[in-house]
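Student: Now for the letters of each chain:
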Amino acid sequence: MDIVISGLLLGGSYALIAMGLNLQYGVARIMNLANGELLVLGALAAFWVFTTTGMSPLVTLFAVAILGFAGSWAVYRVFLVPLVRRSANQGQLEVDSILATFGMSFFLVGVMVSIHSEYFTYSFLASPVALLGTTVALNRLVAFCFAVLIGGGLYLWLNRTRAGLAVRAVAVSPEAAGLVGINVDRVSALAFAVGGMVTGVAGVLVSTFITLDASVGVIFTMKALIIVIMGGVGDIRGSIIAALILGMVESAVATLIDPGLTLASAYLIFLLILLFRPQGLFGRRAA
Amino acid sequence: MTPGEPVLFVRDVTKRFGGLVAVDAVSFDVREHEVMGLIGPNGSGKSTTMNLISGALKATSGSIVLNGHELTRAKTFENARFGVSRTFQLVRILPGLSLSENVIAGGVFGHKRRWGREVTEFAESLLERVGLADKIGLSVDSLTYIDQKRLELARALAGEPEVLLLDEWLAGLNPTELRTGIDLIGSLRSEGRTIILVEHVMDAIRSLCDRCVVINSGRKIAEGTPVEVLSDAAVIRAYLGEG
Amino acid sequence: MTQSNLLPLVLGVPIVAAAAVLPLLVDGYWLSVAVYVLMYTALSTSWALFSGPTRYIALSTGAFFGVGGYLVGTGMSDYEQSYWTMLVIAPIVATILAALIGLVTLRLSGVYFVIFTLGLAEMIRNLVSWVQNNFLGSRGLYVLTDLTEVHIYWMLLAITAAVFLFGWLLGRSRLGFALRILGNDEQVAQHVGIDTAQAKVILFMTTGFFAALVGAVVAPRYYYIEPNVVFSPELSFLVVIMALLGGIHRLWGPLLGVIPFTLLWEVITIYLPNATTMALGIAFLLIVYFIPHGVVGLAEKFLKRGEA
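Chains as they are written, first to last, in the numbering used here: chain C, 1040 to 1326; chain V, 1395 to 1637; chain F, 287 to 594.
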C-alpha cells in the first residue's frame, strides 16, 4: 500500500511534466528534448528564491509559470518557427526540432552548471503526515495536490474553452484545423508556451522533495517522453494515467528491488509499449 | 492479346478504418493480359482497393491471391516481390536520385532482380519505351508533370510485374498529353501486360479496358465490359445521383 | 546506382600511408590530438553511414562506445581475459545489442528510435553500476597493457580506414542503393520490394560494431574504466555535431567536420574551460540553423553557383 500511495504521489508530478511535453509534441509537433532542462530551471529558480529570500516555492510557482510561458513563447517564435517554415514535411520538422532542442538542452545545462554546479535541495514542508494508513512527506502530498489542481485546470481549459478546443483540433490535424479557420501558427505557439509553463511549474513542485542537479534533465525528458508515448501522443487523459502507472512502477522497483534501477524499469515499460502497442494506451495515431 | 486465365483473385475483401467501412466484401478476378478498370464516384473505395492489392494497406478480412501467393497478410515489400507494381495518385518519384536510378530502383529488389550493367541498360530501354530517352541526363526536378508520370511508370515496369496498378495515372493531363498517355497505356496493353486501372477519364476506360468493376460506397455494384457497365442504370445513378 | 568509382580507393591508399607515418613526426600533444581526430572520424563516419540516408538520428554512439570500453575493462580485470580477446568480443556483443534495439525500434517511425537511444547510455550506465555494486564488488576496472599512444593511433587508423572502405563498398552495393531509396521515400522503397526494416537494422548494427570497436581500442588510454566516464551521452552528442558540421551525405563529409571542430574544441577548452557545455550547445545550434547541410553542402552550393 505504501508503494501505491508513494507511487501515485510521484506519478502526479510526472503527469504534469508529461502534459507539458504532450502539448509541445502533440500540438505544436515539436519534439522538445530540452523539456527536462526547463524543468530543472524551474526547480533551480525555486531553490534560489527559497535559499536567498526564504519565500515559499508555492509562491515562486506563479512567477515561474509566467516566465515559463513567456520564455517558451519566445523560444518558439525565435528558434522553432524558422524550422517549421523550412521543413518540407512533418518528418523533417521532427528531425530538425530534435536536433535544435538537443542543442538547446546542452546550452541550458551549461548555463545552469555555471550558475550552480552542485546538487541542490532544500527543506520545505518536510514533515511526515499520516495518510490512508501510511506515512508520507507533506511536501510530496502538497506537490501532488498542486499537480492535481493544475492538471485539472489544464483539462478544463482544453475541454471547456474555445482556445482549448482550437488546441485539441490542431492536435488531431493541423491541416483540417487550418481549413476551419484556426490560426495554426498561433495555436501552436500557445500550446508550446503553455507546455513550457506547465513543465516549469512541475519543476518547482518536484524541487520540494527531490534532490536535483544541472545534468539530471535528460532523465526527466526520457521519462516524460515514455509517458507521452505510453499514454498516446496528444491525449492528455492518457498522459495522466500513464504517469500514474510509471510512478507506481518506479516506486515498486525502488522499494522492492533497488532505487538505482528506476530508469531501467521505465525503459522496460517503453520496450513493452514499442513491442505491443506503439500508439499507446489511448493513442489514435502512431507518432 | 486475348485475356488468359485469372491470375489475381480478390475475394470478399473488406477494409475497416475504425467504424468506417471503406471497402465492403469486394470480389473480382483479373485475368492475364487483361486491362481491368476499377471505376466509381469519388470516395467510393477504389483507391483503397488498389492500396490493398499493392500492400500499402492490409485488409481487415478477405483474401487477395496472385499466382498462388497470398498477398493479404504479406508485408508491403513482399507484395512487390510477388509481382505487384504500381504508380501513385500523387506522383512519388525520388528526388535524390537521377532519372536512370529512379527506374533502376524498380528493377533491383522486386519481382525480377537485376544489378550492374544489366539493370542500367534495362532501365535505359524502359526510359525510351515511355518516351523519356532524350531527358536521361536531366535532374528529376526539371521534369514536367507528365514526364514525372512517365518516370514513375518506367519504374513500375522495371520490376516486370505480373500485375501493374495504375492509380489515376491520367489525371491532371491536358488534352494533348491525355492522348499521348492513353496511347502509351494502349501500347502496354498490346504487349500483353496485366493492368488494373483506376480512372475517371471515360475515354480511357472505353478505349483501354477489357472489363470494368464499378465500386460505390465500398461495394461492387457492377461488373462487365465498359459498354455494359456504363449503360447500367445503377452505375449511372451512382455517378449522377438520384433524380 | 553506384555512388562512387575507383578514384576514392586510389586516393585513399597514399592518404592512409601518409597518416601512418605521422606518429614518427609528431608526438605528445599533437599525437593525442591526432588520436582524437581519428577516433571521432571513425565514429562520425560510421554514424553518418546510417543516420545520413535513413534520417534516423542515432544518439546511441556513447552507449556502444561504452560497451566496448567497459567489456575490455571487465574482461581484463574480472575475468583475466587478454586485451585482444576482448577486442574481438566487445564489438560482437555491441552488434547483437544493436540488432535487438533495431528490431524493436526501427520498424516504427524515427521518433521512437531517437527517444530510445537518447537515454540508452544513461540507462546502460545505471544498469552496469547496479550490477557492479551489488554483484561484482569492485568499482574500478584496470586496463593495463603495453600499448603506447602510437600503437593506439595505428589501430584507430586501421579502423578508420576500414570504416571508409565499408562506406565505399556500401555505396556500390544493393544495400547502399536500398538505403538511398529508403531515405527519399520509405513507402516507395517498400513498393519496389525493399525490406526497409531489415535494411535499417543491418546498417544500425554496423554503427554498434564500429563504436564498440573504437571504445575497446581506446580503453587502454584510460587505464581505469569507470562506467560514468565510458558511457558518455556527451560523446553521442559530439559525434552528431561533428558529422552535421561536415555534412552527412558524402562519405568524407564527417571528416571535414571532425578536423575543424577538434581545433575549435581545443580553443574553447583553453579559453573558456568553465563554459564548455554551453559552448557546445551554441555551436550545435549555429550548425543546425546556419549550416544544415554541413561544410560539404556549403562547398557544393558554392560550386554550383560558380557553374551557373
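Since the hints were made in silico from the structure, they are not lab data. Predicted, not measured: the structure shown is a model, and the values here were computed from it. Be a bit skeptical, because a hint or two may be false.
Below, computed lysine-lysine pairings styled on DSBU-like, alpha-carbon distance capped at 30 angstroms [unchecked claim]:
1. V:K1506 <-> V:K1469
2. F:K587 <-> V:K1506
3. F:K587 <-> V:K1529
4. V:K1469 <-> V:K1452
5. V:K1614 <-> V:K1452
6. V:K1614 <-> V:K1469
Only some residues are given here: those of chain V computed to face chain F with a beta carbon under 8 angstroms [what the hints assert, rightly or not]:
7. V1502
8. G1553
9. S1581
10. R1583
Beta carbons: idealized from backbone N, C-alpha and C, even for Gly.
Student: Each hint needs a verdict: does it hold in this structure or not?
Tutor: Here is what the structure says about each hint:
no., hint, verdict
1, V:K1506 <-> V:K1469, "holds (18 angstroms)"
2, F:K587 <-> V:K1506, "violated (38 angstroms)"
3, F:K587 <-> V:K1529, "holds (24 angstroms)"
4, V:K1469 <-> V:K1452, "holds (8 angstroms)"
5, V:K1614 <-> V:K1452, "holds (19 angstroms)"
6, V:K1614 <-> V:K1469, "holds (26 angstroms)"
7, V1502, "holds (6 angstroms)"
8, G1553, "holds (7 angstroms)"
9, S1581, "violated (23 angstroms)"
10, R1583, "violated (22 angstroms)"
Hints 2, 9 and 10 from the earlier list are contradicted by this structure; the remaining hints agree with it.
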